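Keeping their order, the protein sequence lines are chains A and B. Just so we're aligned, residue 1 is where the first sequence starts under this note's numbering, counting upward by one. Just so we're aligned, residue 1001 is where the second sequence starts under this note's numbering, counting upward by one.
Please keep in mind that the hints were generated in silico from the structure rather than gathered at the bench. Any given hint could turn out to be false.
Said to hold, decoys possible - With beta-carbon atoms standing in for the labels, derived distance ranges:
{"id": "1", "chain 1": "B", "residue 1": "A1153", "chain 2": "A", "residue 2": "T50", "range": "34 to 40 Å"}
{"id": "2", "chain 1": "B", "residue 1": "T1439", "chain 2": "A", "residue 2": "G116", "range": "57 to 63 Å"}
{"id": "3", "chain 1": "B", "residue 1": "R1023", "chain 2": "A", "residue 2": "R369", "range": "47 to 53 Å"}
{"id": "4", "chain 1": "A", "residue 1": "G140", "chain 2": "B", "residue 2": "T1439", "range": "56 to 62 Å"}
{"id": "5", "chain 1": "B", "residue 1": "R1300", "chain 2": "A", "residue 2": "Y49", "range": "32 to 38 Å"}
{"id": "6", "chain 1": "A", "residue 1": "D456", "chain 2": "B", "residue 2": "Q1022", "range": "58 to 64 Å"}
{"id": "7", "chain 1": "B", "residue 1": "A1153", "chain 2": "A", "residue 2": "G120", "range": "37 to 43 Å"}
{"id": "8", "chain 1": "B", "residue 1": "S1117", "chain 2": "A", "residue 2": "R141", "range": "28 to 34 Å"}
{"id": "9", "chain 1": "B", "residue 1": "S1117", "chain 2": "A", "residue 2": "D372", "range": "39 to 45 Å"}
{"id": "10", "chain 1": "B", "residue 1": "R1150", "chain 2": "A", "residue 2": "H92", "range": "23 to 29 Å"}
{"id": "11", "chain 1": "A", "residue 1": "T50", "chain 2": "B", "residue 2": "P1275", "range": "35 to 41 Å"}
{"id": "12", "chain 1": "A", "residue 1": "G140", "chain 2": "B", "residue 2": "R1027", "range": "45 to 51 Å"}
To be verified - Where chain B lies over chain A, by a calculated footprint (3+ residues, C-beta under 8 Å):
{"id": "13", "region": "46-53"}
{"id": "14", "region": "390-403"}
The structure displayed is predicted, hence computed values, not measured ones. No residue lacks a Cβ here, since even glycine has one placed at the ideal position from N, Cα and C.
2 protein chains.
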Amino acid sequence: MAPLEAAWPRSTPPEALAARRQRLRERVPGPLVFASGWARARNFPHNAYTYRAESHFLYLVGRPIEGAALVLDEAGARLYVPADDPGARLWHGPEPTAEDWSRELGLEVRSIDSLGSLPGAATLPPQDPSAAAWLTSRLGRPVVAGSGDRLAALDVPLAEAMIALRLVHDAAAVDQLRQAAHVTARAHLAGLRATRPGLREARVAAAMQAEISAHGMACAYEPIVTVHGEVLHARHKHGVLDPAGLLLADVGAETPEGWAADVTRTWPVSGRFSPTQRDMYDAVLTAQAAALAKVVAGARYRDVHLASQRALLECIVGLGILRGSAEQLAELHATALFYPHGVGHLLGLDVHDMEDLGDRAGYAPGRVRQADPTSRFLRLDRELEAGMLVTIEPGFYQIPELIARIEPGSVLDRALDRERLAQFSDVRGIRIEDDVLVTQTGYEILSQDIPKTARDIEAAMR
Amino acid sequence: MAPLEAAWPRSTPPEALAARRQRLRERVPGPLVFASGWARARNFPHNAYTYRAESHFLYLVGRPIEGAALVLDEAGARLYVPADDPGARLWHGPEPTAEDWSRELGLEVRSIDSLGSLPGAATLPPQDPSAAAWLTSRLGRPVVAGSGDRLAALDVPLAEAMIALRLVHDAAAVDQLRQAAHVTARAHLAGLRATRPGLREARVAAAMQAEISAHGMACAYEPIVTVHGEVLHARHKHGVLDPAGLLLADVGAETPEGWAADVTRTWPVSGRFSPTQRDMYDAVLTAQAAALAKVVAGARYRDVHLASQRALLECIVGLGILRGSAEQLAELHATALFYPHGVGHLLGLDVHDMEDLGDRAGYAPGRVRQADPTSRFLRLDRELEAGMLVTIEPGFYQIPELIARIEPGSVLDRALDRERLAQFSDVRGIRIEDDVLVTQTGYEILSQDIPKTARDIEAAMR
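Starting from the given sequences, assemble the full structure and let the hints guide the process.
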C-alpha cells in the first residue's frame, strides 16, 4: 500500500489579493512600490539562503517572485517581474513567465526592465539590501534596508495604511494562518514522539522541522528546542536530554506565501512530569487561561498581559516561592523575576507581525513602551479587534542573572523563599504559547490541536 | 534502554588554526583584516537567517563568531569580538566572552570597539553587506559585498595567498571534511529508506535534512531532491514520487565550522531499477569510473572532465542513442547534449570552494573558461595536488531545451536516434557525485560509505 502524499499548501486566491490592493489604494494615493527582494548570498554569490520574499509584497501579491516589484497608482496595479532567462532554465527548469503570472494572478504583468524611475512614490523599507539599493535608484532618494522603524515622512501614510489592513486578517489570511498552525501541530506531535532521554536537542528539533518541510513549509523562525528553557531564545542544540528534565520547544511553520505560526510547548523528557514540574506547569497554564479569559474584541492587550502576570504571581505565592500579598508583590514587579517578557505579540506574515516597522504596528498611536520590568518587553499595546491574531505565551523561568540582581535586604529579597525555589530545580523554564484569533465574542485558538494539559502531553508521549 | 546521543562535530584544534595564520603571514605582508559578518535579516531585523560566518574568516579562526574580525600584521594575530551584552544574555544565554575565546583559541582577543581604522590593510570582499560597510569604514576605501571576482589591486596578493593555502587541505581541514561526508552518508541512507511511491519529494528531502541537523550540522547548500533529475538545480519539492521513476538527491552537510560535503545519488522510487534505468545508471557510473581513473596528483582536472565525457559518449553510442564514431561525435560536442556541465569542482569551506573569488581559484593562472559546449561550465582547470578535494559528478539528462536546440538536418540531428532515446523515457536525469581527495598515488573517496552501484542501492532500499 503506497503512503498518501502529504497535503500541499493552498495558495491565496487572486481575488483576495486584488481586494487587498484595492483597499490599500483607497487609503493612500499612489504611486506606491513594493519590492519582493532577492535571495541573500550565504558564502558565495551562487550559494544563497532559501529565498523569502518581503512581507508587504507577499501581502499584496501572494507569490514569492524573486526580483519583482508591484506598483500601485491611479492606473491600477502592475506587477513587474524579471525577464525570462533561457540560460537559467537549464539549471532551474522552466519558471513561470510574465504571461503565466498574469494569467494566474489576473493582473497586468510586465518585465521589470521596462520599469523606469518612480519619483514621488512611497514605499516601505525592505530587509534585502539589494532591494533597498534598487528602490533607491528608482525613487531617487535613499531607501535603507531594515530602516522601517525610522520612516521617511513620505512613507508614513503608507505604513499606517498597511498596518490598518494587516492588523485585521481577512478570510484568505486566516486560511493561510490555519494551514501554518495545522502543520505546526504535526511538528509538535513529532517532537513529543521523538523525545527520548539521551538524545540531543538537535534530534528532536530535526524531527519537528522535518514535519514542517515535508509539508512544503519553512520554519517561520529559527526553532528553539532546548533543555535550557530559562534561555528565552536559546540557539544551541547540542544539549543532551536529561531524563529528569524538561524540554522546551518553540517552533512554528510558515506557508510558502509567508504566513506564520508560533507555538511553544514544554514537556518532560521522561514522558512524566515530576510533582514540582507538574505544579509549575499548571501554574503557567493557569496564567495562560487568565490571559485567554481577557481576549475579546475591544479588550486592551496590555490588560491581557497584566492578567497573565497577576495569575502567575498568585500561583507562585500559592506554591510558597514568594511570601506576601500578591497585590504588594505586583507593585514590586515581582513577576518579572520569573516571567520577564510580554504575554505575546501580533502574528501574521511575520512571526512578530510588522515588527519591520518598529513599534508602530504593535503600539496604538500615542502609546509607547513602558520602562518598568513588567512591561518593557511587551510588544503589543492596542485594543484587540475581531480578526487580529496574537500569541498568548506566559512562562516561568529560573534565570540566574535575574535572581542575582535582587538587592540583598530588599523587600523582594525577603519575600523570596530560596529554599522553596530550590525544590523546583528540575524546572529551568516553561513556556506555553498558542496562536489566538480574536473574535467578537472571545477567541479561537488556531493551535488547539496540540496537546497542552499535562495529562494530554503525557498521553501523547506514551 | 536510553538511545545513544548523536556524535557531535569535533572542532579544529587551535594549533592548526595558528599554523594557517602563520603560513598566510609568511606569504603576504599585513596588515590583513577578515570580517566574520553578521546574520542577515529575513523578514524583519530580529528574524534572521541562521548565521553562517564568512569562509575566509572561518579558515583562520575556526569558530563562527558573529560580528568579529581577525587582524594579522607584523605584531601577530588579534581577534576582535563584540563586547559582552548583558541585555542579550537574557534572550540568548551566556555566550563566550573575549577571555573565553582567548583561552580556547590561544589568541589575543580584544573588544571590536577598540579597533580603529586600518588604512592600507588588505581584505577579501565578504558576502554580508553589513560586513562590507564595516570594512569600508575601517579601510577607508569601498569594499563591496560579493565582489571577489573583481578585486582591488591591493587585495590580489592576499587572494592568491589564500587560494594557495585553501587549495590544499591540511589535516585539520580533512578531518572536518570527513565529518561532513560521514553525516552526508547518513543523510543519503535516510533518503534511500524514506523513499516510497506516492510521497512528495519534500518528505524525502526532510528525512535527509533531519539526519544532517540532528548531528549538529547544516545543509551546505539548498538540497536538490527531485523527480525531475533533468533540472540540474531543481528547487521545487512538491513532486509526487512515481513508482516508475527515479529520484535524484544532491544533498551535502556542512560542519559548524563551515566545511562542506556535496554528494549526489539517484535511485529508483520502487527500489528496483528498470532495465533502461539500470543501463543508463551503469553508463553514468562508467563515466565516473573513467574520471576517477585519471585522478592523481599532477593530473590536469580538465583531462578528468574529458575522460568522463568521452566514457559517457561511448556508453551512449553503445546504447544506440547516438550513431557514429565516438571520435567524430566528440568533435561535435555531442556529449554536451546529455551531460552539459563540468565533471566537478573544488570542495572545501564552500561547496564550490572559493567561488567567491570568481574563477581565480578554479582556473590556474593564464587559463580561462573555454566557450565550447563541452567545457563552458567547467569550474576547475588546474593540475591536481595531493590534498585537494574535488567532486566527481558526471550525469545523463534528457533536457528538452537542449534537444530542441539541435539544428534539423545537422550531423548531430542525423546521429541522434530519437526512437531509441524515447525508450529511455523513464530516465529523466541521473547524476552520481562523490567527494574525492587527491593523493600522491591516486585518490580517496570521502563519501565512499554511500551505496553507489545499482545493486548496493537496491539492497539499501530493501
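Going down the list of hints, with the structure as the test:
1. A hinted range of 34 to 40 Å for the beta carbons of B/A1153 and A/T50 is consistent with their spacing of about 36 Å.
2. At roughly 58 Å, the beta-carbon separation of B/T1439 and A/G116 lies within the given 57 to 63 Å, and the hint holds.
3. Between B/R1023 and A/R369 the beta carbons are some 52 Å apart, a value that agrees with the proposed interval 47 to 53 Å.
4. At roughly 59 Å, the beta carbons of A/G140 and B/T1439 sit within the given window of 56 to 62 Å.
5. In this structure the hint that B/R1300 and A/Y49 lie 32 to 38 Å apart at CB holds, the actual value being about 35 Å.
6. For the pair A/D456 and B/Q1022, the supplied restraint of 58 to 64 Å holds, since their beta-carbon distance comes to about 59 Å.
7. The given range of 37 to 43 Å is respected by B/A1153 and A/G120, whose C-beta atoms sit roughly 42 Å from each other.
8. Judged by the Cβ atoms, the range 28 to 34 Å given for B/S1117 and A/R141 holds: they are separated by roughly 30 Å.
9. A C-beta distance of roughly 41 Å is found between B/S1117 and A/D372, which places it inside the suggested range of 39 to 45 Å.
10. The hinted range of 23 to 29 Å is satisfied by B/R1150 and A/H92, whose Cβ atoms lie roughly 25 Å apart.
11. The supplied range of 35 to 41 Å is met by A/T50 and B/P1275, whose beta-carbon atoms lie about 38 Å from each other.
12. Evaluation of the 45 to 51 Å hint for A/G140 and B/R1027 yields a pass: the beta carbon distance comes to about 46 Å.
13. Note: the region 46-53 of chain A has 6 residues with beta-carbon separation from chain B under 8 Å; the three-residue rule is met and the coverage holds.
14. Note: the region 390-403 of chain A has 3 residues with beta-carbon separation from chain B under 8 Å; the three-residue rule is met and the coverage holds.
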